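Participant: With the sequences and hints as input, model every part of the structure.
Protein chains in written order, with this note's numbering: chain D, 199 to 325; chain L, 199 to 325; chain Z, 199 to 325.
The hints are simulated quantities; they were obtained by calculation from the structure and are not laboratory data. One or more of the hints may lead you astray.
In this list, chains with the same sequence are indistinguishable; a pair is considered to hold if it fits within one copy or across any two.
Claimed, not checked - Pairs of lysine-lysine residues, derived as BS3-like cross-links and limited to a Cα-Cα distance of at most 30 angstroms, are as follows:
no.: 1; residue 1: K237; residue 2: K208
no.: 2; residue 1: K311; residue 2: K231
no.: 3; residue 1: K237; residue 2: K281
As the structure is a computational prediction, the values presented were derived from the model and not from experiment.
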Amino acid sequence: MPLVRIALRKGTTPEYRRAVGDSIHRAMVETIKIPEQDKFQVITEHDADSLIYDPSYLGIQRSDGVIFVQITLSAGRTVDVRKALFARIAELLRQAPGVPSEDVFINLVETAKENWSFGNGIAQYAT
Amino acid sequence: MPLVRIALRKGTTPEYRRAVGDSIHRAMVETIKIPEQDKFQVITEHDADSLIYDPSYLGIQRSDGVIFVQITLSAGRTVDVRKALFARIAELLRQAPGVPSEDVFINLVETAKENWSFGNGIAQYAT
Amino acid sequence: MPLVRIALRKGTTPEYRRAVGDSIHRAMVETIKIPEQDKFQVITEHDADSLIYDPSYLGIQRSDGVIFVQITLSAGRTVDVRKALFARIAELLRQAPGVPSEDVFINLVETAKENWSFGNGIAQYAT
Numbered sequence: 199m200p201l202v203r204i205a206l207r208k209g210t211t212p213e214y215r216r217a218v219g220d221s222i223h224r225a226m227v228e229t230i231k232i233p234e235q236d237k238f239q240v241i242t243e244h245d246a247d248s249l250i251y252d253p254s255y256l257g258i259q260r261s262d263g264v265i266f267v268q269i270t271l272s273a274g275r276t277v278d279v280r281k282a283l284f285a286r287i288a289e290l291l292r293q294a295p296g297v298p299s300e301d302v303f304i305n306l307v308e309t310a311k312e313n314w315s316f317g318n319g320i321a322q323y324a325t
Numbered sequence: 199m200p201l202v203r204i205a206l207r208k209g210t211t212p213e214y215r216r217a218v219g220d221s222i223h224r225a226m227v228e229t230i231k232i233p234e235q236d237k238f239q240v241i242t243e244h245d246a247d248s249l250i251y252d253p254s255y256l257g258i259q260r261s262d263g264v265i266f267v268q269i270t271l272s273a274g275r276t277v278d279v280r281k282a283l284f285a286r287i288a289e290l291l292r293q294a295p296g297v298p299s300e301d302v303f304i305n306l307v308e309t310a311k312e313n314w315s316f317g318n319g320i321a322q323y324a325t
Numbered sequence: 199m200p201l202v203r204i205a206l207r208k209g210t211t212p213e214y215r216r217a218v219g220d221s222i223h224r225a226m227v228e229t230i231k232i233p234e235q236d237k238f239q240v241i242t243e244h245d246a247d248s249l250i251y252d253p254s255y256l257g258i259q260r261s262d263g264v265i266f267v268q269i270t271l272s273a274g275r276t277v278d279v280r281k282a283l284f285a286r287i288a289e290l291l292r293q294a295p296g297v298p299s300e301d302v303f304i305n306l307v308e309t310a311k312e313n314w315s316f317g318n319g320i321a322q323y324a325t
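Facilitator: This is the structure:
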């Protein structure tokens with residue numbers, strides 16, 4: 199159910215981007231317990247002047263390797279679970295493909311569970 | 199008022215993409231009763247490794263023709279109306295440009311009605 | 199904390215796009231009181247048939263210079279503050295780089311304050 203939008207700078211390899219998507223997905227499976235198959239992602243690459251970040255907001259040193267991760271997901275996870283999600287995304291991205299944790303920017307957008315259709319025009323999660 | 203983000207694989211024609219946008223818009227006019235002129239869409243095309251989908255999640259067989267439709271709209275539609283929207287989008291996309299219903303992934307993001315400005319710096323829907 | 203997505207037509211200069219991002223950011227600093235350094239933006243450029251707008255919805259005359267601004271931010275601003283944000287974005291974009299106010303389309307998506315991580319896998323705004 200989550201729809202994940204990943205934005206990063208141009209210049210990475212397809213293998214790098216695949217590892218980014220895979221690590222984010224793995225973190226979601228482990229922490230917010232989505233099914234392994236529930237994987238829907240859009241990865242976009244941007245020029246320097248189209249992906250704008252502050253290099254030190256909140257005292258965190260970011261580089262051109264910054265990755266913006268915006269996850270739209272159903273509401274209902276506790277704050278603790280969402281914190282665990284952030285921590286695990288950063289940890290797994292550090293392991294593969296090796297993204298410094300300072301470069302991992304994440305935002306969650308929560309929506310109602312009936313606001314998803316995975317095909318066939320049906321709201322599969324509506325009760 | 200809705201802002202519609204449509205993501206699909208590279209390789210389609212402009213006519214195909216126009217038909218995609220038109221069918222989604224028609225379904226919104228018919229089911230959630232937006233004005234005919236209330237049409238604002240962003241269509242993006244992606245390489246195979248940048249538009250990632252599971253080919254069988256929930257038992258639905260998706261192909262590389264998968265289309266992600268993310269609609270930001272004002273809250274307030276009933277679940278039944280939102281279900282009708284999903285069904286009609288899938289139906290009209292099947293008619294034109296001929297998208298298999300299995301390939302239609304839809305997500306709604308609901309926002310407050312005062313969270314829109316259609317120009318001139320005014321929140322036209324705020325009361 | 200806001201994540202700002204800016205979509206406009208292809209054909210502008212990097213200086214133009216930088217001015218767009220800067221004016222939007224300035225308006226946010228002034229009205230919703232985000233820190234100066236809290237600047238995270240994604241700017242995308244689109245062909246004519248991929249950025250679709252109605253040229254006169256609500257009686258506002260839009261041109262191909264239309265700019266879609268979608269801001270994800272923490273909930274909690276009053277309607278008056280959000281109205282001031284819209285007005286100031288339009289005003290500053292008119293000043294630089296000279297965008298007609300009719301061409302400024304804005305949408306806000308509000309999210310919980312604990313739904314942000316600015317790096318290191320931590321939810322910096324969670325209490």
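Participant: Next, verify each hint and record whether it holds.
Facilitator: Here is what the structure says about each hint:
1. K237 with K208: both (23 angstroms within a copy, 20 angstroms between copies)
2. K311 with K231: Classified as both; 15 angstroms inside a copy, 22 angstroms across copies.
3. K237 with K281: Answer is both; intra-copy 20 angstroms and inter-copy 22 angstroms each pass.
When each numbered hint is compared with the structure, no violation occurs for any of them.
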